[in-house]
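Novice: Read off the chains here:
Number of protein chains: 4
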Amino acid sequence: MKKKLNVGLIGYGFMGRTHSNAYSQVNHFFDVPYEPVLQVVCGLEENVAKDFAEQWGYKSYTTDWHKVIEDDNIDQVDICVPNNMHAEIAIAAAKAGKNIICEKPLALNAAQAETMVDAIEKAGVPNLVSFNYRRVPAVTLAKMLIDEGRLGKIFHYRANFLQDWTISANVPQGGMATWRLDVKAAGSGVTGDLLAHCIDTAMWHNGQIDSVCAMTETFVKKRMHVETGKVEDVGIDDACTFICRFGNESLGNFESTRYARGHKSLYTFEINGEKASIAWDLHDLHRLSYFDHSDESIVRGWRSVHVTDGDMPYMDKWWVPGLQIGYEHTFVHQIADFLENLAEGKPASPSFREALATQYVCDAVLASAKDKEWKTVKKA
Amino acid sequence: MKKKLNVGLIGYGFMGRTHSNAYSQVNHFFDVPYEPVLQVVCGLEENVAKDFAEQWGYKSYTTDWHKVIEDDNIDQVDICVPNNMHAEIAIAAAKAGKNIICEKPLALNAAQAETMVDAIEKAGVPNLVSFNYRRVPAVTLAKMLIDEGRLGKIFHYRANFLQDWTISANVPQGGMATWRLDVKAAGSGVTGDLLAHCIDTAMWHNGQIDSVCAMTETFVKKRMHVETGKVEDVGIDDACTFICRFGNESLGNFESTRYARGHKSLYTFEINGEKASIAWDLHDLHRLSYFDHSDESIVRGWRSVHVTDGDMPYMDKWWVPGLQIGYEHTFVHQIADFLENLAEGKPASPSFREALATQYVCDAVLASAKDKEWKTVKKA
Amino acid sequence: MKKKLNVGLIGYGFMGRTHSNAYSQVNHFFDVPYEPVLQVVCGLEENVAKDFAEQWGYKSYTTDWHKVIEDDNIDQVDICVPNNMHAEIAIAAAKAGKNIICEKPLALNAAQAETMVDAIEKAGVPNLVSFNYRRVPAVTLAKMLIDEGRLGKIFHYRANFLQDWTISANVPQGGMATWRLDVKAAGSGVTGDLLAHCIDTAMWHNGQIDSVCAMTETFVKKRMHVETGKVEDVGIDDACTFICRFGNESLGNFESTRYARGHKSLYTFEINGEKASIAWDLHDLHRLSYFDHSDESIVRGWRSVHVTDGDMPYMDKWWVPGLQIGYEHTFVHQIADFLENLAEGKPASPSFREALATQYVCDAVLASAKDKEWKTVKKA
Amino acid sequence: MKKKLNVGLIGYGFMGRTHSNAYSQVNHFFDVPYEPVLQVVCGLEENVAKDFAEQWGYKSYTTDWHKVIEDDNIDQVDICVPNNMHAEIAIAAAKAGKNIICEKPLALNAAQAETMVDAIEKAGVPNLVSFNYRRVPAVTLAKMLIDEGRLGKIFHYRANFLQDWTISANVPQGGMATWRLDVKAAGSGVTGDLLAHCIDTAMWHNGQIDSVCAMTETFVKKRMHVETGKVEDVGIDDACTFICRFGNESLGNFESTRYARGHKSLYTFEINGEKASIAWDLHDLHRLSYFDHSDESIVRGWRSVHVTDGDMPYMDKWWVPGLQIGYEHTFVHQIADFLENLAEGKPASPSFREALATQYVCDAVLASAKDKEWKTVKKA
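Chains as they are written, first to last, in this note's numbering: chain A, 1 to 380; chain B, 1 to 380; chain C, 1 to 380; chain D, 1 to 380.
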């Protein structure tokens, strides 16, 4: 008999849906020791919260997140609100002794993130930050291949996260759908939203980033603000490119933009090692490209690995070879791993502290772009 | 308030999982007028049925499918058992006035399928055969483009369904995992299992197939039978290729095999019209290839359309542009459409009668291969 | 010091250019024992022949092919005229004891081809039919891999040759540019023009084709004839699909059309063996796709081999890894091999006799389509 | 009657071959007003020069480049020697009033390049630097599309040039085959060899680069020197990444390395504009990827344009649609354009002055990497 785990979700937007789906699906496909029970969803607008609760099977809804924290019946708080609210909620939840799952980036900036890590670690509560792309099976497979030493010494790590949805000057900032363009809600633009994913995966794959040199741009300088109704300065970075050094001396090259016409959500990485290379992209997330120099030369080439076989990460839980899974499954994997670790008393990853390390890189990137100079990255 | 729809599932194998998932997910993503309630699952082994019920939230389980049919509380019977049991169950369910969803192919052969269609139509019950690939968004988009006349006159329709999982002579026949290799359970090999999908989609896209000429092969002639424990003759077709004429005079070329080393489940089609062409493959199911001859010549080329935008079929229900869905979603779409039609009193598609048309093609294909001559296809 | 080889070229069209280029280039890249000397070019229109001679460095030109044959100074006759003139010229050249290179298909039909083979073999002259695609490095590499047994038992051979240049009803038949649409000049349509290439390569790779069943279509029934100025019936096949059995029991599937919108000259083949598979396409001719089932499962996938390294067929003669060659190089390879064989007194391949075998398949294909029944293929 | 143009080639290595081929082929395919006559080839080793002359049809050979310059019969000097010899030869040739074609990069550094530009411009001789990749038809097509305004405002320009041939520490430096690893002969590593190509194309496409920030690495610090026979420090950059700003405010990201396992010679670029994007890679040089946002949304996607049609740059001179050309053709196009311009008295491009602009970027890149700070680029 599985143990019930009572969940309170705060935030009913895009991420609220992905997390709700994960809780709903995890026991259909994974044999985890807990059964998440969707107790309460919290959001700003009552009727939206009510509909969301009905759609996903939450037993109740509220518009006041404090009630979720104060509810002794709640075991786990799941934070899916804009970045500027992560800290207050997470710290309160930590004090209340809840398990915490928090969307990324952890905070508006590293200073704020540090207070969160302090609170979480003082409280000793299970915690995880939702850098979900680690759990794309192909991305997890890449990690396995690296850890097995198949690539040998790493020379290069390259990652891009390219979108094109904000090119029009008519896209507003602020509000439910476009808070990511409002610096007060988001903290930064593509750096916190997209590069944070790339950085998290890169450091997981390739270790600490030591120093960075970045360039940012805000192509559209003013946008209508949904909340004020006025045209206001845009405070976020529309695009950010940086070069860096990893602790293992490999060279990094990262770029993100929302002005790459033709790319909807193209997160790619490529890793070049002495013996082998790996490449991946989110637009075809179920494939891993792999080049093994030890292959016989006349038949050597990049292999397109269709990551759907039962011996590949997570894939024994789904369908049969050749049948791909999609985006939302990464969150199912994340919660499955979290629940496994919870039962075994092991920390989940990426933890708040790991997310702080990513935040340090983001902060260094933004500072570097502002000061036009190389910056050393603080260690978490 | 949504109307409850009580479902009885017969068969807890691979398809039992995909259908259960569809019932679980449909109301999370689609605003359909019914709430499916998973009442009972039926399967041969009691402990497996029990576990399955628990995993998917069925209220009860049974090992006797008659009980599902006889239960007045059940509104809808969902048939996910091997092909040789479809007819008896479907006919009984029709007589009992149940909605029926049946896995494909409809029957062991057309004669049997005719009796099923008779029963279903006499009973007038809502029905659908689970040719799920129609509801891959890219495949549905292809249908839209054809119906809008974008391709103009069709010259060619090509489809392949290539796998490689039975190359080893050690794969047995019969039993839970390999009944598809046992002619008594399956009726045929790749023709009914794989080509039936290609034929269903092709006739949906391109109309009736009038005549066929086929070639089949059974590469491994004898395999251990799981149920008898003896090495027995293999009665199925391991591979089948056929050429054909459509009613619109276009030329068809179809091939399926389980001996195409390197292809796990590569279902592809390509349609060449006077003005445009379309191609698709299941290994990257979220993409549609489209060539439009009216494009200016110096920038004309095959377009790789990432079918994830909100204006593409079904995709407004899922995530955001660039984030792909996977295989199981086709079943969610299928049940969503079925429930919509049910509320509106409209027939769902593909109906048993449409599946009979596919069966006629399959029968003609097998007969053609046997007699080594062209065969005319019976009309459903 | 290289031996001079005096060449007379008959036909100054598209193929006349590819052959002239091959003679010009062969000694720049290959260390062959002969130096071809471009003595004379022959074509119908004097001013065109004159210009062609000047452009390619032929010492003289003529409008009467008999003069080329009768010229004792000519060592080698190269036939690049429409198909209906191959036989007469080749037989005369054989009688005159010339080396003969002849464009494909060998003849209008097998009966005619037989007379050519008789003449050539009686005369004992060095001969080669220009099925140039064998000598794309990737295609040659495929042959090597098959011969080394890397694929194991072959199950399937599939080939397509898809074009789209005759879809418009305004394309005429006959004349210099469109004689391939005139059955009197070409003998057949896509069967002789395109499928002949596929069949030649397939039998080289996979052995004799024993029996075929085909379907053809002429989509545009009447076209203006350039020579008569009248709209006349079209006698060629616009499209042809056939299924077949090879002598090694593998299944073949071939298709060609000039009505595949979006494909300019897409010649593809795929070979599925027990242990490995190979695929190739002419649109990216410098790549070979290779799947090796013995690769470790978690990193197994189709390899995209960029056939530009020095250890790949012919590629030590060209540039450096990563730098591709193109279409015309196949003719350079062909003449290089021919000259090597000539010096060693060895027969070149494909010989007239091998081309006759291809012609037998083409004839069987056309007969099968006409009679709508399977046909056994005559052996050459 | 074409005018003869007497050519003296200095350097018989890889580039000597590509240039010789271009002179041999240009009149076979292009109707240019000059007929290049291969008068003399010059190289260090007499027997190699002799063989080269014989292979390519040079009338004579020499081991002393001064003789080429001093020969009044020579109209055009073509410089294909290592970078450290470009300046002296080019300046002498300019003084002698010869046309000059020089391999890239122009010089060891900008200071040296300035002296060359001074000499060339003072002499007023026709000149061209062999940045051949501009004349890949797909790359030229990209330039056309940009100049027609199809991309609108440019946001991003990205280019990579990735190789893997020097990963082994056993590769030596210096000598005929590996002078590119010897800083004295090459001036720099990947910056001058590979990034110079990317920079030339980028500035041609997208205008001046204003400022750069770079990072370089020498992975293998010591290598055997072919000429001294001793293990010596490696002075070149094995890898170089830089970010930059263009004059039009777009953001640039460039990377080159010889340590990208799996890439033989992967030169790629991608340009993102407001209305459209373009991407290309050298490994499939005959294709251009094009995304046009004005396409109807449901069929919008990256188009893979097979650049082989007669209305595409240079392609009316070659074969028929679908049949690709390769690497060496870029040099044929280059000499064809040069000769056209020569006849019309127009300057060719890229001129020595344009190559100096590229050299300024290279110098700024190397200085930036050394000083770890942003550098402003000098204007040519």
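Be aware that a few hints might be false.
Same chains, same names: a pair is fine if it fits in one copy or spans any two.
Below, computed lysine-lysine pairings styled on PhoX-like, alpha-carbon distance capped at 20 Å [what the hints assert, rightly or not]:
hint	residue 1	residue 2
1	K370	K222
2	K4	K59
3	K379	K67
4	K275	K153
5	K221	K153
To be clear, the hints were calculated from the coordinates, so they are not data collected in a lab.
Novice: Could you work out which of the previously given hints the structure breaks and list their numbers from low to high?
Specialist: Hint 3 is the one this structure does not satisfy, whereas the remaining hints hold.
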